[in-house]
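So the protein lines, in turn, are chains A and B.
Under the numbering used here, the residue at position 173 of the first sequence is numbered 303, and the numbers go up by one with no gaps.
Under the numbering used here, the residue at position 47 of the second sequence is numbered 107, and the numbers go up by one with no gaps.
Bear in mind the hints are in silico, worked out from the structure with no lab data behind them.
Remember, predicted model here, so these are calculated numbers, not experimental data.
Glycine residues also receive a C-beta, built at the ideal position from the N, C-alpha and C atoms.
Among the clues, some could well be false.
Claimed, not checked - Facing chain B, from chain A, some residues (calculated, C-beta under 8 angstroms):
no., residue
1, E234
2, T238
3, I241
4, P243
5, V246
6, V297
7, A302
8, S304
9, G306
10, L318
11, P319
What the hints assert, rightly or not - If the Cβ cut is set under 8 angstroms, some of the chain A residues that face chain B in the computed set are:
no., residue
12, A301
13, L305
14, I316
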Amino acid sequence: MSGAAAENRGLGWRAVQVVTVLVYIFMFAPIMVVVVLSFNDSQFGGFPMTGFSFRWYYKLLENESVLRAFQTSIWVAIVTSVICSVLGVLGALALVRYEFPGKEWVNTILIAPALVPETVLGVGLLLLMRWAHQPRTLWVLVLGHIMLALPYVVLVVQARLIGIKRVYEEAAMSLGANRFHTFREITLPLLMPAIVASLLLVFTISFDNITASMFWRPSGVETMPTQILSMLKVSISPEINALGTLMIIVTVGLPLIGGGLARYLARSVR
Amino acid sequence: MTAAAAVELHDVTLAYGSFVAVKNVALSIAKGEFVTLLGPSGCGKTTILRSIAGLVQPTGGEIVVAGRRIDNVPIHKRNIGLVFQNYALFPHKSVFDNIAFGLKYRSVEKSMIAKKVTRALEMVRLPGVEKKLPSEMSGGQQQRIALARAIVIEPDVLLLDEPLSALDANLREEMRTELKIIQREVGITTIFVTHDQEEALAMSDRIVVMNKGEIEQSGTPEDVYRRPESRFVASFLGQSNLLPGRIASVQGGKAAIRIDNGPELLALAPAAAREGARVTAVVRAQKVAVGSTGGSAGTMTGKIVSASYLGGTAAYFIDAGGVRLQAIATIEDRVWREGETVDIAINPTDCLLLDEGGKRMR
Numbered sequence: 131m132s133g134a135a136a137e138n139r140g141l142g143w144r145a146v147q148v149v150t151v152l153v154y155i156f157m158f159a160p161i162m163v164v165v166v167l168s169f170n171d172s173q174f175g176g177f178p179m180t181g182f183s184f185r186w187y188y189k190l191l192e193n194e195s196v197l198r199a200f201q202t203s204i205w206v207a208i209v210t211s212v213i214c215s216v217l218g219v220l221g222a223l224a225l226v227r228y229e230f231p232g233k234e235w236v237n238t239i240l241i242a243p244a245l246v247p248e249t250v251l252g253v254g255l256l257l258l259m260r261w262a263h264q265p266r267t268l269w270v271l272v273l274g275h276i277m278l279a280l281p282y283v284v285l286v287v288q289a290r291l292i293g294i295k296r297v298y299e300e301a302a303m304s305l306g307a308n309r310f311h312t313f314r315e316i317t318l319p320l321l322m323p324a325i326v327a328s329l330l331l332v333f334t335i336s337f338d339n340i341t342a343s344m345f346w347r348p349s350g351v352e353t354m355p356t357q358i359l360s361m362l363k364v365s366i367s368p369e370i371n372a373l374g375t376l377m378i379i380v381t382v383g384l385p386l387i388g389g390g391l392a393r394y395l396a397r398s399v400r
Numbered sequence: 061m062t063a064a065a066a067v068e069l070h071d072v073t074l075a076y077g078s079f080v081a082v083k084n085v086a087l088s089i090a091k092g093e094f095v096t097l098l099g100p101s102g103c104g105k106t107t108i109l110r111s112i113a114g115l116v117q118p119t120g121g122e123i124v125v126a127g128r129r130i131d132n133v134p135i136h137k138r139n140i141g142l143v144f145q146n147y148a149l150f151p152h153k154s155v156f157d158n159i160a161f162g163l164k165y166r167s168v169e170k171s172m173i174a175k176k177v178t179r180a181l182e183m184v185r186l187p188g189v190e191k192k193l194p195s196e197m198s199g200g201q202q203q204r205i206a207l208a209r210a211i212v213i214e215p216d217v218l219l220l221d222e223p224l225s226a227l228d229a230n231l232r233e234e235m236r237t238e239l240k241i242i243q244r245e246v247g248i249t250t251i252f253v254t255h256d257q258e259e260a261l262a263m264s265d266r267i268v269v270m271n272k273g274e275i276e277q278s279g280t281p282e283d284v285y286r287r288p289e290s291r292f293v294a295s296f297l298g299q300s301n302l303l304p305g306r307i308a309s310v311q312g313g314k315a316a317i318r319i320d321n322g323p324e325l326l327a328l329a330p331a332a333a334r335e336g337a338r339v340t341a342v343v344r345a346q347k348v349a350v351g352s353t354g355g356s357a358g359t360m361t362g363k364i365v366s367a368s369y370l371g372g373t374a375a376y377f378i379d380a381g382g383v384r385l386q387a388i389a390t391i392e393d394r395v396w397r398e399g400e401t402v403d404i405a406i407n408p409t410d411c412l413l414l415d416e417g418g419k420r421m422r
């Protein structure tokens, strides 16, 4: 290769690097701003920085309504992810391992909530509850979140299940294991990475959902995102920056841990 | 046969809607026998194996294993050893746990399980690998583990579904011998499914040739190779010339066959041979002698159309008076070249006759 060509390529390469960095800045600058400002000593939730301090985090810990919202969100997210994973695994098993009439339809209907706008789902579930004369309790919120997240669990588990060859199950049964033993000893362990992944995925979906949650939450109950929104209505308090940082840690950290765990499990399985 | 039948199939039929995968198959397998189901893909051999295993449900007939009717017994209560084409070792379990898996469901004591696993590993000549994961082993080793896992439960019958086809050629031949030795040592009744005729001929006590869901012929490897009962068996096993023609005359125990648009051949006359009957003459490519005998009785001449050198032998296509003949001949002094004229001789004992229905004339 001639020197000029190498230089040309070098220039192009440099351009790619610059664009890449710009894209990253565009994507992560807002997040960085929130994290940096959460340590700002100033009274106002914006620049300039006047000093480094943890005071907004302390203030957050004293804020009863924030703590309550945090608890609510965690509780809803955990219950949702457990129920969703159980239902999702059962659904995916039925769809992948069994033949029954109307299978295509069931599959489509299970995935549909992921395609319908959340506002529509939000209103729909509310109307349904009103029609059934059911009170708007926290369980309506959980129910709604299950509806929102179930498609993702079914998709994730289905994908993994297709990869688990049926001969493993056939081999287990030929060796004397009944269906239940086969599921416990063979299918479930091989499915574990997908189950861990979907637990975390559902947790995140539920934890930071706002649109639908605003329709479904009982009056007087706030989830983390709705709490932040209502705080913003009053003023841009630096507390919100601290809260945002904590939410980033939960919603980014959990999937990272989960991803690592899933990869570790997958390795020992392969 | 002296021993009681270990496996019996009575008129087993399996239909998927209008497609009949297996048609009225009847088969009796003696204890300790190594039987191969041989046929092209889609002939129903794997379906039969899966019916015996309990992975598919026959739509008709009975399956009896060790004197017990099992076609309505669920798979996990059948006591059958199954080895798959791709081994199907549990990837998340160690070799020990893989082999011990079946023993756990047979209420075998813990200490006994360890002993049996060790013995099974010795049997497949892989001692000391208990702690390894299947992914840490080669294909051949995995297949041995799969075999150990299937025989450690002392099944009534061992079912092998193309177990060697995933191995590369050298290993396949080695495992062929090994598998046969192990089978003989354990004395286990074995049903082996393959589409590879060499495998079938080398390993089996008996070969069951299948086509389109039905048994075409069942016999020793020599039987099915040398005395094919039907057109299908004749063309499926080895390389044969199938030459349609008419019986020109029957004389002194020999029949002269006038090949359509071709020369006349001599065959041993079956009792059913009648002058004028339409027949197909079957001659193995290896039984077509090629040389320069100088036009003695029973020979004809032909022109070499193509020749390929195979080392010890050579394969020829020969135009013999308008008929294309395939010949595989040992090389005497040289390989004949394209365009050369050669003498061809076919011994009447090597010429079988099929009747119009494609069945061997008797």
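Structure-based check of all given hints:
1. E234: 19 angstroms, violated
2. T238: Since chain B brings no Cβ nearer than about 25 angstroms to T238(A), farther than 8 angstroms, the hint is violated.
3. I241: Result: violated, 29 angstroms to nearest chain B Cβ.
4. P243: Hint on P243(A): violated, closest Cβ of chain B at ~33 angstroms, above 8 angstroms.
5. V246: 37 angstroms, violated
6. V297: 4 angstroms, holds
7. A302: 7 angstroms, holds
8. S304: Interface hint status for S304(A): holds (4 angstroms vs cutoff 8 angstroms).
9. G306: Since the shortest Cβ distance to chain B is 3 angstroms, the answer is holds.
10. L318: 10 angstroms, violated
11. P319: 5 angstroms, holds
12. A301: 4 angstroms, holds
13. L305: Result: holds, 3 angstroms to nearest chain B Cβ.
14. I316: 6 angstroms, holds
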